[in-house]
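What follows is the residue order along each chain.
Protein chains: 2
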Amino acid sequence: MTDNLSTRIAVVGGTGPQGRGLGYRLARAGHEVVLGSRDAQRAITAAEELSAQAGGARITGATNLAAAESAGIVLLAVPYDGHAQLVTSLAQALAGKLVISCVNPLSFDRFGPYGRTVSAGSAAEEAAEIVPSATVVGAFHHLAAPLLLDPEADLSHEDVLVCGDATAAKERVMALAADVTGGRALDAGRLRLARQLEPLTAVLISVNKRYRTRSGVALTGLAPAVGKVPA
Amino acid sequence: MTDNLSTRIAVVGGTGPQGRGLGYRLARAGHEVVLGSRDAQRAITAAEELSAQAGGARITGATNLAAAESAGIVLLAVPYDGHAQLVTSLAQALAGKLVISCVNPLSFDRFGPYGRTVSAGSAAEEAAEIVPSATVVGAFHHLAAPLLLDPEADLSHEDVLVCGDATAAKERVMALAADVTGGRALDAGRLRLARQLEPLTAVLISVNKRYRTRSGVALTGLAPAVGKVPA
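Going down the list, the protein sequences come from chains A and B. Taken in order, the first sequence gives residues 860 to 1090; the numbers are from the numbering used here. Taken in order, the second sequence gives residues 860 to 1090; the numbers are from the numbering used here.
Since the hints were made in silico from the structure, they are not lab data. Possibly wrong hints are sitting among the right ones.
Since the list gives no way to pick one copy over another, a pair counts as held whenever it fits inside one copy or between any two copies.
Said to hold, decoys possible - With a Cα cut of at most 20 Å, we get these calculated DMTMM-like pairs of lysine to aspartate or glutamate:
#, residue 1, residue 2
1, Lys1068, Glu1030
2, Lys1068, Asp1024
3, Lys1068, Glu907
4, Lys1068, Asp968
Work the whole structure out from these sequences, hints included.
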């Protein structure tokens, strides 16, 4: 499992809705994907289902740790509860790698969803604090899981807002984002702007409930095709 | 100046770019607008300019206090620095009124813009704390001032995300928003989601710098015309 290490993508939390959806879309676009889960068998079952759905795409399942160890790119697609603990447990496997965080620190009460206070500022920055040698990029916060999992859903009109402090890593994630949606990825700026991108999902969930839809984000004022980090 | 009190709109900070732009668009749509400034003469001059630009629309100028006293709807369009102090100084004039906050608590350093920490959670909630009898609604955070001020700029493809805890007030602001942009306003949810809407502007400014544009927000997954708070 080390031959394609640099291009293989592990999805930690790969049996959750967001992780499954992103894994499915990445595999469908030709990437080799390893779904991770606390329970390896659950991940293997999910991988088999998605692989069949994606026409025999390369998706396997493993524990979160084994998945992270086997891949050069690790996508964190877990709930925020237990996030720090999980990232700490994977620190060695994440060291030196490209880590993509789509973690949304949200809570819910009788008034609906809201952004949680994160001492590091955001989940993405928390991961970067725990694994300083990893290159953390924030992305994919706003894509609705049921749409990711729907083979017919056209996501090309949604923008994937990508934040990070390393240009090359950001460009790589922007290319992956274009594979996921078939549309546009935008360089949103520094990693710390994950503080804005992550809890914006609370607004989308609130809108979804009010308008009975699955909303997403698009920015106005930009050319349709913007794939590179601008100079 | 009390005849049209309930429908007259005061713009506190009405000589700043956002305040001027919103005042211009509201007046052009037929609303009676009073621009407020610390310096009454500055507000009067700005009002005369905008009135001419808007074809003789009803725009006058006054001190922030006189503007707020003379209007039933007060739009706060001030920088966050000094916000609490200003709102406190206007508390009597704002009492019992509809207060619309488009205040964005942002700071800038060598890495660009970022959202500031606000102890009340957001500027909108801060205003609501200071003037508990006011009905505070958050809106208009994401419209670029130069586009608001450009008579030719079409803003109908941008969404105005409106948050608040009082449905009737929110509907009223959504109707004003439709007058400002000619497009769609969306009920984004509770007032506390201003914590997400306000600093999202940091992302837009970051994108503007990177892509040399004036970006705005649109949500995907919603019908083109949504003007009412949904049931």
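Each hint tested on the structure:
no.: 1; hint: Lys1068 - Glu1030; in the structure: between (33 Å within a copy, 17 Å between copies)
no.: 2; hint: Lys1068 - Asp1024; in the structure: between (34 Å within a copy, 15 Å between copies)
no.: 3; hint: Lys1068 - Glu907; in the structure: neither (32 Å within a copy, 44 Å between copies)
no.: 4; hint: Lys1068 - Asp968; in the structure: within (14 Å within a copy, 37 Å between copies)
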